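The numbering of the sequence shown is the numbering used here, which starts it at 25 and goes up by one.
Read the hints as simulated data drawn from the structure, not as lab findings. Since we're looking at a predicted model, the values are computed, not measured. Positions of the beta carbon are idealized from the N, C-alpha and C atoms, including for glycine. Incorrect hints may have been included.
Stated by the list, open to error - If you anchor each label on the Cβ, the simulated ranges turn out as follows:
| no. | residue 1 | residue 2 | range |
| --- | --- | --- | --- |
| 1 | 73 | 463 | 27 to 37 Å |
| 2 | 56 | 162 | 10 to 20 Å |
| 3 | 417 | 334 | 42 to 52 Å |
| 4 | 246 | 89 | 19 to 29 Å |
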Amino acid sequence: MPTDIVMPQMGESIVEGTITKWLKKPGDKVQRDEPLFEISTDKVDAEIPAPASGVLQEIKVTEGTTVGVNTVVGTIAVDGEAATPAKAAPAPEKAAPEKPALEKKAAPAAAAPAAPAHTTHEEEEEARSSPLVRKIAREHGVHLSQVSGTGLGGRITKQDIQQFIENQGSNVGTDAFVRPASRSEAPPAPAPAAPPPRPAAPAPYPGDLVPMTNMRKLIAKHMIESRRTSAHVHCMYEVDFTRIVNLRAKHKSGFEQRHGVRLTFMPFFVRAAIIAVQQWPIINANIEGESIRYHRNINVGIAVALDWGLIVPVLKNAGELNFLGLQRGITDLGERARTKKLKPEDVEGSTFTITNPGQFGAVFGLPIINQPNSAIMGVGGITKMPLVITDKDGNDSIAIRSVVHLTLGYDHRLIDGAVADQFMAQVKKNLETWSEEIG
Numbered sequence: 025m026p027t028d029i030v031m032p033q034m035g036e037s038i039v040e041g042t043i044t045k046w047l048k049k050p051g052d053k054v055q056r057d058e059p060l061f062e063i064s065t066d067k068v069d070a071e072i073p074a075p076a077s078g079v080l081q082e083i084k085v086t087e088g089t090t091v092g093v094n095t096v097v098g099t100i101a102v103d104g105e106a107a108t109p110a111k112a113a114p115a116p117e118k119a120a121p122e123k124p125a126l127e128k129k130a131a132p133a134a135a136a137p138a139a140p141a142h143t144t145h146e147e148e149e150e151a152r153s154s155p156l157v158r159k160i161a162r163e164h165g166v167h168l169s170q171v172s173g174t175g176l177g178g179r180i181t182k183q184d185i186q187q188f189i190e191n192q193g194s195n196v197g198t199d200a201f202v203r204p205a206s207r208s209e210a211p212p213a214p215a216p217a218a219p220p221p222r223p224a225a226p227a228p229y230p231g232d233l234v235p236m237t238n239m240r241k242l243i244a245k246h247m248i249e250s251r252r253t254s255a256h257v258h259c260m261y262e263v264d265f266t267r268i269v270n271l272r273a274k275h276k277s278g279f280e281q282r283h284g285v286r287l288t289f290m291p292f293f294v295r296a297a298i299i300a301v302q303q304w305p306i307i308n309a310n311i312e313g314e315s316i317r318y319h320r321n322i323n324v325g326i327a328v329a330l331d332w333g334l335i336v337p338v339l340k341n342a343g344e345l346n347f348l349g350l351q352r353g354i355t356d357l358g359e360r361a362r363t364k365k366l367k368p369e370d371v372e373g374s375t376f377t378i379t380n381p382g383q384f385g386a387v388f389g390l391p392i393i394n395q396p397n398s399a400i401m402g403v404g405g406i407t408k409m410p411l412v413i414t415d416k417d418g419n420d421s422i423a424i425r426s427v428v429h430l431t432l433g434y435d436h437r438l439i440d441g442a443v444a445d446q447f448m449a450q451v452k453k454n455l456e457t458w459s460e461e462i463g
């Protein structure tokens with residue numbers, strides 16, 4: 025009997041989900057736990073694995089359709105059990121003409137001599153990549169040995185393989201935004217035949233009217249609700265970040281070698297904020313009716329910009345973590361956000377949020393509060409600029425320093441301006457006089 029593919033329940037409060045993309049088409053072979061389709065809920069976007077190995081027999085629910093949890097969205101048949109139905113889902117048909125051609129090209133390589141060496145190579149690739157990464161690599165004719173992994177232990181992420189493919193396209197003069205429209209031309213190079221990374225549909229052209237994605241609708245709803253709910257006020261502080269920049273430059277190589285994770289600037293900001301929150305707990309509180317909820321734990325939401333939207337995974341009990349624990353947690357959440365591996369509980373329960381517009385070059389931002397939090401800290405870009413430096417004897421001089429601008433958006437219903445300023449002054453001091461071991 026065919027195995028039903030059902031819409032999973034991604035958390036107790038989730039009652040429905042939208043299928044945003046099928047990663048296979050009817051007739052394709054699938055392996056158990058291989059990513060099969062992508063969904064969007066009011067909590068997270070996620071890749072859903074195949075419940076069994078076999079052949080995707082039928083797609084019952086097409087892309088863009090919202091259905092309740094436990095709805096049967098497709099079926100998987102054991103190899104040879106049933107033929108693929110003539111009726112195929114509209115969205116997957118687009119890639120159908122070219123995928124067999126790619127598979128035929130790949131066949132001789134699979135049957136090449138020196139099988140033991142080939143098997144060893146496959147094992148190595150499997151150890152440092154996911155089924156989805158290997159699928160993308162096969163579709164583009166990429167050997168994973170060519171790709172540098174940025175995940176833990178050098179693991180190749182979905183972002184790594186997509187970046188590699190995009191760079192390949194740039195090197196041969198191919199515009200990455202034009203590639204999706206060229207899929208039907210069947211040129212000699214295999215890269216144009218692959219679907220664009222995000223979103224599932226081709227990139228819109230000027231004049232197109234494109235429906236909002238489910239994630240974009242939710243972002244819009246939450247932003248408007250936050251503006252209506254909180255009395256937003258912002259303050260900005262200039263921080264001499266030279267000490268941290270030099271510290272990171274000195275230790276980043278050894279840190280990665282010892283711990284298998286890159287040393288970034290984010291844990292410095294998170295740790296500095298945690299220390300200040302412990303002194304000013306109202307920053308970590310929120311309003312409940314006509315009462316104030318003071319949270320026991322500091323759960324830091326860290327905004328992650330994705331190609332298809334924005335999500336805020338939560339680093340739980342961040343006040344209990346050392347510096348290494350913060351870095352590992354931040355890296356893990358960011359990686360799982362970008363590969364759609366977050367669970368509903370990963371985006372719930374934040375008490376304070378940090379966002380980083382500076383990674384794109386912004387000097388500073390005025391972020392909207394992430395409800396039901398009462399405060400959000402924005403991190404600007406790190407730039408070099410002249411500052412007046414006063415030595416211990418009171419003598420002034422001008423020096424080139426690394427500077428970052430931090431902003432705090434806070435709910436003036438709960439947090440007074442004086443408290444917000446004292447909190448940010450403490451964050452500034454924590455960064456400028458950093459003395460903690462980083463592991």
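Cross-check of the supplied hints:
no. : hint                     : in the structure
1   : 73 with 463: 27 to 37 Å  : 34 Å, holds
2   : 56 with 162: 10 to 20 Å  : 18 Å, holds
3   : 417 with 334: 42 to 52 Å : 48 Å, holds
4   : 246 with 89: 19 to 29 Å  : 23 Å, holds
This entry satisfies every hint, going by the numbered hints stated previously.
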